[in-house]
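Chains R and P are the protein sequences, given in the same order.
If you use my numbering, the first sequence corresponds to residues 1 to 434, in order.
If you use my numbering, the second sequence corresponds to residues 435 to 739, in order.
Please note: incorrect hints may appear among the correct ones.
Claimed, not checked - Between beta-carbon pairs, the in silico distance windows are: (1) L626/P - F247/R: 17 to 25 Å; (2) G149/R - G586/P: 21 to 29 Å; (3) D392/R - A678/P: 40 to 48 Å; (4) E253/R - F578/P: 58 to 66 Å.
Claimed, not checked - Just some of the chain P residues that point at chain R, by a computed CB distance under 7 Å: (5) T523; (6) R526; (7) S667.
No wet-lab data here; the hints were simulated from the structure.
Quick caveat: nothing in here was measured; it's all calculated off a predicted structure.
All C-beta atoms in this analysis are idealised placements derived from N, C-alpha and C, irrespective of residue type, glycine included.
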Amino acid sequence: MTGNDVNELVIRHSRILDPATGLDEVADIRLHAGRIAEIGDGLRGVRELDADGLHLFPGFVDVHAHWRTPGREDEESIESGSAAAAAGGFTGVVMMPNTDPVVDKPAIVSGLLRRIERESRVRAYVSAALHAGLGGEQLTEMRLLKEAGAFCVSDDGLGTASAGVLRNGMLYARTADLPVILHCEDHTLATGVVHEGAYAALAGVPGSPASAEDAATATALILAAETGAKVHITHVSTALSAALVGFFKERAEVTADTTPHHLTLTEGLVSTLDGMYRVNPPLRPEEDRDGVTVALRDGVLDFVATDHAPHASEEKELPFEEAAPGFLGHETAFATLYTELVLGGRLSLIRLVEAMSRAPGRWVNGSGSLQVGAPADLALVDLSEEWTVGRDVLLSRSSNSPYLGRSLTGRVVGTIVGGEMIYDRIGTRLGTRT
Amino acid sequence: METRNFLTLEDMEREDLRAVLDLARAHAEGRLGHPLTEKTVCLAFFEASTRTAVSFELAARRGGADVISLSEKGSAIAKGESLIDTVVTLDRLGADAIVLRHPAAGAAALAARHTAAAVVNAGDGCGQHPTQALLDLYALSGSFGGFDELVGRRVAVVGDILHSRVARSVIPAFAKAGMEVALVAPRTLLPLDAGAWELPVLSSVDEALGWGAGVLYMLRLQRERMTGARVPSVAEYARYYGVARRHLGAGVLIMHPGPVNRGVEVSGDVVLDRASLIPDQVAAGTHVRSAVLTLATGAAHEVAA
Numbered sequence: 001m002t003g004n005d006v007n008e009l010v011i012r013h014s015r016i017l018d019p020a021t022g023l024d025e026v027a028d029i030r031l032h033a034g035r036i037a038e039i040g041d042g043l044r045g046v047r048e049l050d051a052d053g054l055h056l057f058p059g060f061v062d063v064h065a066h067w068r069t070p071g072r073e074d075e076e077s078i079e080s081g082s083a084a085a086a087a088g089g090f091t092g093v094v095m096m097p098n099t100d101p102v103v104d105k106p107a108i109v110s111g112l113l114r115r116i117e118r119e120s121r122v123r124a125y126v127s128a129a130l131h132a133g134l135g136g137e138q139l140t141e142m143r144l145l146k147e148a149g150a151f152c153v154s155d156d157g158l159g160t161a162s163a164g165v166l167r168n169g170m171l172y173a174r175t176a177d178l179p180v181i182l183h184c185e186d187h188t189l190a191t192g193v194v195h196e197g198a199y200a201a202l203a204g205v206p207g208s209p210a211s212a213e214d215a216a217t218a219t220a221l222i223l224a225a226e227t228g229a230k231v232h233i234t235h236v237s238t239a240l241s242a243a244l245v246g247f248f249k250e251r252a253e254v255t256a257d258t259t260p261h262h263l264t265l266t267e268g269l270v271s272t273l274d275g276m277y278r279v280n281p282p283l284r285p286e287e288d289r290d291g292v293t294v295a296l297r298d299g300v301l302d303f304v305a306t307d308h309a310p311h312a313s314e315e316k317e318l319p320f321e322e323a324a325p326g327f328l329g330h331e332t333a334f335a336t337l338y339t340e341l342v343l344g345g346r347l348s349l350i351r352l353v354e355a356m357s358r359a360p361g362r363w364v365n366g367s368g369s370l371q372v373g374a375p376a377d378l379a380l381v382d383l384s385e386e387w388t389v390g391r392d393v394l395l396s397r398s399s400n401s402p403y404l405g406r407s408l409t410g411r412v413v414g415t416i417v418g419g420e421m422i423y424d425r426i427g428t429r430l431g432t433r434t
Numbered sequence: 435m436e437t438r439n440f441l442t443l444e445d446m447e448r449e450d451l452r453a454v455l456d457l458a459r460a461h462a463e464g465r466l467g468h469p470l471t472e473k474t475v476c477l478a479f480f481e482a483s484t485r486t487a488v489s490f491e492l493a494a495r496r497g498g499a500d501v502i503s504l505s506e507k508g509s510a511i512a513k514g515e516s517l518i519d520t521v522v523t524l525d526r527l528g529a530d531a532i533v534l535r536h537p538a539a540g541a542a543a544l545a546a547r548h549t550a551a552a553v554v555n556a557g558d559g560c561g562q563h564p565t566q567a568l569l570d571l572y573a574l575s576g577s578f579g580g581f582d583e584l585v586g587r588r589v590a591v592v593g594d595i596l597h598s599r600v601a602r603s604v605i606p607a608f609a610k611a612g613m614e615v616a617l618v619a620p621r622t623l624l625p626l627d628a629g630a631w632e633l634p635v636l637s638s639v640d641e642a643l644g645w646g647a648g649v650l651y652m653l654r655l656q657r658e659r660m661t662g663a664r665v666p667s668v669a670e671y672a673r674y675y676g677v678a679r680r681h682l683g684a685g686v687l688i689m690h691p692g693p694v695n696r697g698v699e700v701s702g703d704v705v706l707d708r709a710s711l712i713p714d715q716v717a718a719g720t721h722v723r724s725a726v727l728t729l730a731t732g733a734a735h736e737v738a739a
């Protein structure tokens with residue numbers, strides 16, 4: 001008898017997969033006081049969860065999400081964004097600063113952190129802006145922002161005005177000891193709304209060439225190498241940009257991610273002329289999707305980030321040129337990648353789990369493993385469940401998912417943060433021993 | 435009569451520094467008389483300056499020299515005459531010393547190749563400002579009780595090192611005086627290769643005090659750089675790279691080449707505090723510049739004789 005310790009939970013019989021250690025076996029795991037206490041066979045506790053037939057992974061971490069707070073809580077709030085994240089197995093999320101107002105002042109950061117404390121189900125980290133108002137001119141007070149609790153800086157949503165401005169931003173971020181997340185897009189090249197390829201040509205929708213991303217990525221990587229800043233390139237969508245990241249891996253302190261949609265969808269959707277499919281960077285040709293997939297498989301691209309970007313229906317149910325760019329991402333990320341890449345034979349399950357948990361977790365704060373003593377942030381997944389993406393099942397306040405109507409295999413059924421079930425679709429299996 | 439140039443602090447030895455400071459002290463004590471009598475000192479300022487120009491002019495006149503002053507406005511310089519042509523003209527007019535201020539690094543050295551007169555660099559671009567460093571050593575020696583008392587002391591040079599000729603002179607000056615030097619600046623105000631000086635690079639005044647700095651040498655932040663691509667705001671700059679009353683104590687000394695941006699590099703209640711050597715630095719200016727002109731024109735030998 002260990003006492004009726006409600007701080008304890010034993011999850012029994014799940015298949016535990018931990019990319020950090022290579023562990024892959026059916027076992028029991030004891031969570032105590034918010035941390036992983038023990039992994040073994042025959043563990044018993046006051047509170048038990050029978051997870052027979054389920055997989056247990058380290059909680060997923062999403063370094064790129066737009067929770068639209070402050071300013072557009074009609075599209076997403078900290079509460080709804082974190083609920084959507086939890087439903088996708090995410091236990092940690094980085095919030096992007098392109099809100100209204102922009103997160104460019106220390107008081108806004110501290111205000112957001114207080115709201116996160118009250119409203120977020122998952123661990124949320126605040127990215128502040130790199131430049132005031134995302135204007136690409138005046139640096140933000142990065143050292144004061146860091147003191148206020150900012151986790152990183154980014155002008156995400158906008159590319160960078162000039163190489164000279166970006167270089168100073170990297171130098172100052174290095175001084176402030178903050179990582180920089182870069183959305184690489186050259187606005188002198190990116191003048192369209194879709195990938196400039198065959199489908200844009202036929203559909204008559206203005207295209208942005210791949211060079212808009214590739215040239216900006218090359219510039220960012222060169223500057224990262226020169227300045228010594230810690231740089232993360234987000235939503236890499238072309239094979240060339242992925243190759244450039246690979247070239248600079250040993251030459252700069254650089255990491256990179258790509259998104260579920262760039263790994264699973266292609267520019268062919270342009271022919272629908274449906275604004276739902278507008279996203280930035282745009283969906284690319286198959287060669288790019290395949291190149292990015294290989295780069296993720298090989299670790300050239302470090303991890304997956306969703307770029308979860310909720311939009312009100314009136315901003316998406318429009319012609320391409322008028323629609324707001326962006327897709328929901330949290331709730332479908334694992335299932336789409338499992339269905340398309342793992343079941344499709346292009347990515348191993350353990351690499352997918354690593355790319356969603358350990359790799360981003362390590363980048364954020366060294367988390368994402370199941371070692372004893374690590375925070376008990378976990379995702380329970382039923383790899384056999386088939387489900388259909390529909391507005392009725394999404395917890396996000398918005399419903400701009402490009403996967404609406406798709407049947408997927410594999411579904412998150414439980415999410416645990418700090419030892420607490422914060423998302424639970426298997427409550428019936430949770431039993432209490434007397 | 436042996437003349438000599440004062441172009442950079444980099445090529446001066448420790449004993450050269452001591453000689454200037456000794457002569458400056460003699461001047462301060464009135465033992466030098468009028469060493470520059472019958473010497474012609476030309477002030478050629480290709481860039482606006484108030485303090486340095488006034489300080490040199492006063493030093494030259496008090497030493498008994500004839501002074502010709504060419505400022506940017508109202509002279510051949512304003513008419514676009516080249517540096518070399520101006521220097522050659524002053525040379526032919528019989529200048530014994532040319533005091534040169536110019537917006538480009540290396541201008542003083544270029545001038546020196548075109549004249550037999552001694553060239554005293556009064557600041558060239560982001561290059562050198564040797565008399566500033568010498569007067570700083572003079573003020574600091576006075577405060578510590580002698581030039582040799584500087585050995586082993588720790589000084590942090592704080593601020594816009596990237597654009598500062600003062601930094602490029604005081605860093606070697608302090609090092610040659612036997613002091614340990616650290617640099618404190620954001621990466622945006624440092625050269626990319628900040629390791630070129632082979633000195634520690636620290637990230638705030640607090641960190642410099644933790645390192646053991648007994649002297650904080652604050653550089654001026656140009657007004658146009660206070661908010662923008664290199665510095666986010668005065669508030670953030672002052673918080674990390676400014677000295678405030680809370681930093682005083684344990685005998686730390688504050689220096690600044692002037693003019694001070696109060697509330698930016700130095701908070702308003704520190705500028706004239708007992709811990710501040712800023713007034714001493716200004717006072718040291720004419721003594722040190724008299725000594726420099728005396729040595730430059732070769733008059734020191736005549737004084738000695």
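Numbers of the earlier hints that this structure fails to satisfy, in rising order: 2, 3, 4, 5, 6
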